[in-house]
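Asker: Take a look at the letters that make up each chain.
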Amino acid sequence: MAAKSIISRPVYGTLSPQPGKHHLFVADAEGALAITDLAAKAPDGFFADAHIIFIPGNDSKHVAALEALKPAQFYQGPSFASALPRLKQTLANAHMGLHLYLAGTEGLIGQAMQAALEAGIDHTSIQTEHRGSLARRIQCVHCKGITENVTTQPATCSHCGLLLLVRDHYSRRLAAFQGVCINAEDRSEIPPTEEIFR
Amino acid sequence: MGITFRKETFRDDFTFKNSPEHIRRFPFPFHEDSYMYAVNIEPHVLGPKGSVLENLIDVDEHYVAEMQDRALVLAEDPLRCQSLPHMTLAGWDLLELLMEQQAVGYPEHFTLSRDGDKWRWINRPLGIDDSFTFGDVSTLPYGPMEYITRQSQGDFCILDQRDGNLWMDAGMVTTQADWSLDFDIGMNFFEWHAPVPLAHEKGIFTRALKFLTNIQQGKPARRLNWTMTINPRLDTSPENYHKWGPDRATVTPENVGDKVHLRVELQSFWRLPRSNGIVFPIRCYLIKMDELVTQPKWARRLHRVIRDLPDELANYKGLTRYRRTLVEWLSKLDDGSPTSPGFGPD
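Chains as they are written, first to last, in the UniProt record's numbering: chain A, 1 to 198; chain B, 1 to 346.
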């Protein structure tokens, strides 16, 4: 997105191979392509001690390409929630010098980073690359419920039903953008809904 | 002679008002006839008797009612008070600071006695007499930050200082001007200020951070900030925006004087001795237009400030819906004559 944003909004980069032996990748859907692009730049044997946690989504596209990298461990999960216990254990048992690479949707990157922060990893040491959908994970500031995969502005809170303005203000701790009632001052004002986070 | 504490409310029937003495001591935030952001930070030193700076931690006639309102907010939403696990020591620092300042400033209302780490705190307005061991959380009914900030006017943010930045890692925030502690906790100085328009481009936050990270123990600093609130409502949180937002559509030319309030924050910044954190009290003062315009200079100046405010700022402060009605009402009290320099009434 080229649009001017605010400082709390995460900025993503391009994955690049870091020196060292231990590499943990977490990716979803088209995030796999960020890993295969990295592989093209990586030295021989880079994946010999790598662990890839991959959530392919609706099809198993990209699974074969990741397996072909021959990582020491490859895990394919049906959802981020199902991968989370494994991710937490891996982070808890991590060696000094583990490099963490996150690629895919903002929701995936944010939630994996949240787990890493809880494990004491500094967010600035984590490599991230955004690929695929711009769908957002938002926290309703009113009821505190999280709504996943929000693609519209405004969006309806899946918990309390308020119509929310999806802000660029982002919390790494919650792994979510903030949603604030867009018509709090006059509920009869219903702005048009646009699909802008695709 | 002590303070006579008012019985009043900040919700439902909104009986809050200021006595004539409290109108005169109101911290009017405009020293000239226009307003733009600036790094308006100055040393927090004692000011004239009868002003809000007579003591460095101000206690006023609204104390008891404000503490009752805070208790109602917390019962409804405990997430307004949060402290990340590494912030307990800073909470003890804050407890010491607020007990000392309130006891020194208002000995008829508060007494602190200490024998090593055995402390006794008497808060007469709230009917509290507690003995506890300083540093031992099991001897207080709440964590140290929550305990003392349930007995101190204003919101409190405790900032951890590391990596050359300040981190919003603890706070008691029930009287805020539309920002969420629950969302912002854990953020650094630039991140939690991210939504503020115009100021980033002006380099305000870079300079402010440099100043704040250099604050020394015993040398607090302060600044004023302001916004406007419809009805004397302390809890204008984003959490409850869908409940108080409709108030903004109720302003008419007939009720401006009673409904529209100038809301001033006296923000101060203190280095904490044990934790090396910074505590940032945000003390909120409310005054309705009918009270404010009893000082003709303030009426003239506020008219000019609100009339000439950049739209982006007016929008950020939530004034847009009633701004025209307010400016029209104030214009009748502005004869165009010059205003004297400085904040005070003539």
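Hints in this document: simulated from the structure, not taken from any laboratory. Glycine included, every Cβ here is placed at the ideal spot set by N, Cα and C. Keep in mind that the hints are not guaranteed to be accurate.
What the hints assert, rightly or not - Below 30 Å or equal to it, Euclidean Cα-Cα: the simulated BS3-like pairs (lysine-lysine) are:
| # | chain 1 | residue 1 | chain 2 | residue 2 |
| --- | --- | --- | --- | --- |
| 1 | B | Lys-332 | B | Lys-297 |
| 2 | B | Lys-332 | B | Lys-17 |
| 3 | A | Lys-21 | A | Lys-41 |
| 4 | A | Lys-144 | A | Lys-88 |
| 5 | A | Lys-144 | B | Lys-317 |
| 6 | A | Lys-144 | B | Lys-297 |
Said to hold, decoys possible - Distance ranges between label pairs, derived from CB positions:
| # | chain 1 | residue 1 | chain 2 | residue 2 | range |
| --- | --- | --- | --- | --- | --- |
| 7 | B | Ala-71 | A | Ser-125 | 40 to 50 Å |
| 8 | A | Tyr-12 | B | Asp-115 | 32 to 42 Å |
| 9 | B | Ala-75 | A | Asp-37 | 32 to 42 Å |
| 10 | A | Thr-124 | B | Asn-214 | 16 to 26 Å |
| 11 | B | Asn-276 | A | Thr-124 | 16 to 26 Å |
| 12 | B | Pro-78 | A | Pro-78 | 34 to 44 Å |
| 13 | B | Leu-72 | A | Thr-14 | 47 to 57 Å |
| 14 | A | Arg-9 | B | Asn-214 | 53 to 63 Å |
Asker: Please go over all the hints and tell whether each is borne out by the structure.
Answerer: Do the hints match the structure? See the list:
1. Of the supplied pair hints, the one linking Lys-332(B) and Lys-297(B) holds, its CA atoms being roughly 13 Å apart against a limit of 30 Å.
2. At roughly 23 Å between alpha-carbon atoms, Lys-332(B) and Lys-17(B) fall within 30 Å of each other, so this suggested pair holds.
3. Proximity of Lys-21(A) to Lys-41(A) is assessed by CA-CA distance (about 16 Å); at most 30 Å being required, the pair is judged to hold.
4. The hinted pair formed by Lys-144(A) and Lys-88(A) meets the criterion: a straight-line CA distance of about 24 Å does not exceed 30 Å.
5. Straight-line distance between C-alpha atoms of Lys-144(A) and Lys-317(B) comes to about 23 Å, which keeps the hinted pair within the 30 Å bound.
6. For the proposed pair Lys-144(A) and Lys-297(B), the alpha carbon gap of about 44 Å is over 30 Å, so the pair is violated.
7. For Ala-71(B) and Ser-125(A), the Cβ-Cβ distance of about 43 Å falls inside the hinted range of 40 to 50 Å, so the restraint holds.
8. The hinted range of 32 to 42 Å is not satisfied by Tyr-12(A) and Asp-115(B), whose Cβ atoms lie roughly 57 Å apart.
9. One distance hint, 32 to 42 Å for the beta-carbon pair Ala-75(B) and Asp-37(A), is violated here, with the actual separation near 53 Å.
10. Take Thr-124(A) and Asn-214(B): their Cβ atoms lie about 23 Å apart, and the range 16 to 26 Å holds.
11. For Asn-276(B) and Thr-124(A), the Cβ-Cβ distance of about 22 Å falls inside the hinted range of 16 to 26 Å, so the restraint holds.
12. At about 35 Å, the beta-carbon gap between Pro-78(B) and Pro-78(A) stays in the expected band of 34 to 44 Å.
13. At roughly 51 Å, the beta-carbon separation of Leu-72(B) and Thr-14(A) lies within the given 47 to 57 Å, and the hint holds.
14. Taking 53 to 63 Å as the suggested C-beta distance range, the pair Arg-9(A) and Asn-214(B) does not conform, at roughly 29 Å.
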